[in-house]
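Knowing the structure of chain A, use the given hints to seat chains B and C on it.
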Amino acid sequence: MSETNKRVLGVNIIGIPTEEEYWNCPGVPSEKRMLKGPVAVIECFQEIPCNVCEDACPFGAIKVGHPITNLPVLDEDKCKGCKLCIPICPGLAIFVVDLSREGEARISLPYEFLPVPSVGEEVDALDRWGRVVAKAKVVQVLYSEKFDKTYIITISVPKKYAFFVRSIKVRR
Amino acid sequence: MKDVYDVAIIGSGPAGLAAAIEVAKHGCKKAVILDENFRPGGQLFKQIHKFFGSKEQYAGIRGFVIGETLMNEAKDLGVEILLRTSVIGLFNSNYDVKTIGIYSHDKGVREIKAKRIIIATGARENVIAFPGWTLPGVMGAGAAQTLMNIYRVLPGERVLMIGSGNVGLIVTYQLLQAGAKVVGIVEAMPKVGGWGVHAAKILRMGVPIFLSHTIKEAIGKEYVEKAVIWEIDRNWKPIKGTEKVFEVDLICLAVGMIPNIELTRMAGCEHIYIKALGGWVPLHNMGMETTVKGVYVAGDVAGVEENSVAIEEGRLAGISCAEALGLIDSKEAVEYKETIWKRLDELRSGPFGEHRKKAKYLILQEYEKRMKT
Amino acid sequence: MMVKKMVKRIWNHPILGEFKPKKQIIFYLDNIEIKAYEGDSIASALWANNIKVFKYSEKYHEPRGLYCAIGLCNSCTMIVEGIPNVRTCIFPVKQGLHVKRSNGR
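Residue numbers (the working numbering), protein chains in the order written: chain A, 1 to 172; chain B, 173 to 545; chain C, 546 to 650.
One chain only, chain A, in its complex shape (with noise of 0.2 Å):
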């Protein structure tokens, strides 16, 4: 039905990246750092002037520098996968993947939409295109009034999606 169906790819055509632009971006890290445990995934792709998730960082594993353009460099080693990141990140890419679990990705992403789910609740995940493409169980739900408004929702779902899930819909 949609002429992005044709399936465009590339960040600066519609604002999904290759699977080049993926990996070489220095805010994503190694897919061996996400098999250890829960690591921040910043998808931020194109020079934009922007550095609020260099300070949001307790351990300091994110660095922009100057000028503000620069893509964030996320150190792999230093990031705990605290999620603090997540809600502060105006753009909305800054998600949390853990994939240390058999078989299953814990994907943890920003969500600025009513209802909010509870935990347990099974809702469908989406993948970069809106597609439904699983069902996904919440398995946490944080809110913190320093989150202004944007709750950090972690879903389960089967490892094959690791990279593509993105957001979720609420089924009500």
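One thing to keep in mind: the hints can contain errors.
[What the hints assert, rightly or not] Mimicking SDA-like on lysine to any residue, the simulated pairs with C-alpha atoms at most 20 Å apart in a straight line are:
{"hint": "1", "chain 1": "A", "residue 1": "K149", "chain 2": "C", "residue 2": "W556"}
{"hint": "2", "chain 1": "A", "residue 1": "K159", "chain 2": "A", "residue 2": "R128"}
{"hint": "3", "chain 1": "B", "residue 1": "K514", "chain 2": "A", "residue 2": "G65"}
Keep in mind the hints are simulated off the structure, nothing from the lab.
Showing chains B and C alone in chain A's frame:
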């Protein structure tokens, strides 16, 4: 009754507020902001997303929170804010004391006087004409935002967005948050106009982006009921047979912004046409002063950019006024202006900012040329 | 997220929270009672009540309404308290206000 102010600032958006704060911070007790809306804040109060930039421009904070912060700071510093007050004339703009004609619903037409004027009137939404474009239900993307976020009115239940620049992408996201369904975004270019992160946010919510498409017509009797879009080829010609029909009750146009330069023209300022900044923009120097002495500009009226730039340009205009009023010595003013220009250069770097950076330096150059003749 | 039928308000919003209007206001469009809230502009109140046609054009009698919502396009003008060409998008509602649609000029 004629009042004489030190500084009159026209527009209470981020540029106007930042300018007022700067001037009042340095001791100016007679600053006034004039705005014809009954709610101040310009574009800020309808922005519910977190802003980009660095902490000097309140990055990471939602637009309306930044608006409240700036408003409160201006009020605490004693800046007078006159709402529902339209500026209808600028007279003797090249005199030491300028005359401003104002109109308000309750007090009618009056005159006020000010030694310095900062024009921060922002920009307005562009239109594209197509069959059915005048139907109610066809509105600017900013208007949909205003209805949703200021008045808590749902502008439509099924929406077609025209334009994939940052405004189109962000307003699409906000329409989803308000509970509307966006059937798609239409983009004439073969690529998205705005930032990748904004496109990614709405694509992953299932909103399709139709690249190389344009709107053919809006259909409806008394208001919008359907929209027809079609594909265009490399020569911008529509391709027959590629029509797609959507049932929608709202069509939003996010097709560019145009600086509101009526007052700068009235004041006699010189302008230059720069497409990258939205069209005709007033010439200005590093202190944001136009070719008319004592008249300054800041924000989108000086070139459509971003909130972060509007705040910094407002600060520049404010500092220049404070200097002209003798409230700050030249050395301190120059240092401060240079610090701000460094930040502006940074905000205008990268692939999305370079053309604006070049444009602004061209403005500074042209200003020097015109002032010499 | 609730949307009350026929009156298009956003009662609950993920960022703006719950809509808690302070005072209800009644004004009149062509002598028909319209419910609004303090803080509404005439234009926003009409839209909230699903009224989208603000006037008809002079020559071809085409419906016109809201375009920019911030006072810069003159698409939303109506006759307010007997005064023609008032930009309803920047005119706040008031109890008992009388608004009329113009037909042409």
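Could you tell me which of the numbered hints above are not met by this structure, giving the numbers in increasing order? Violated: none.
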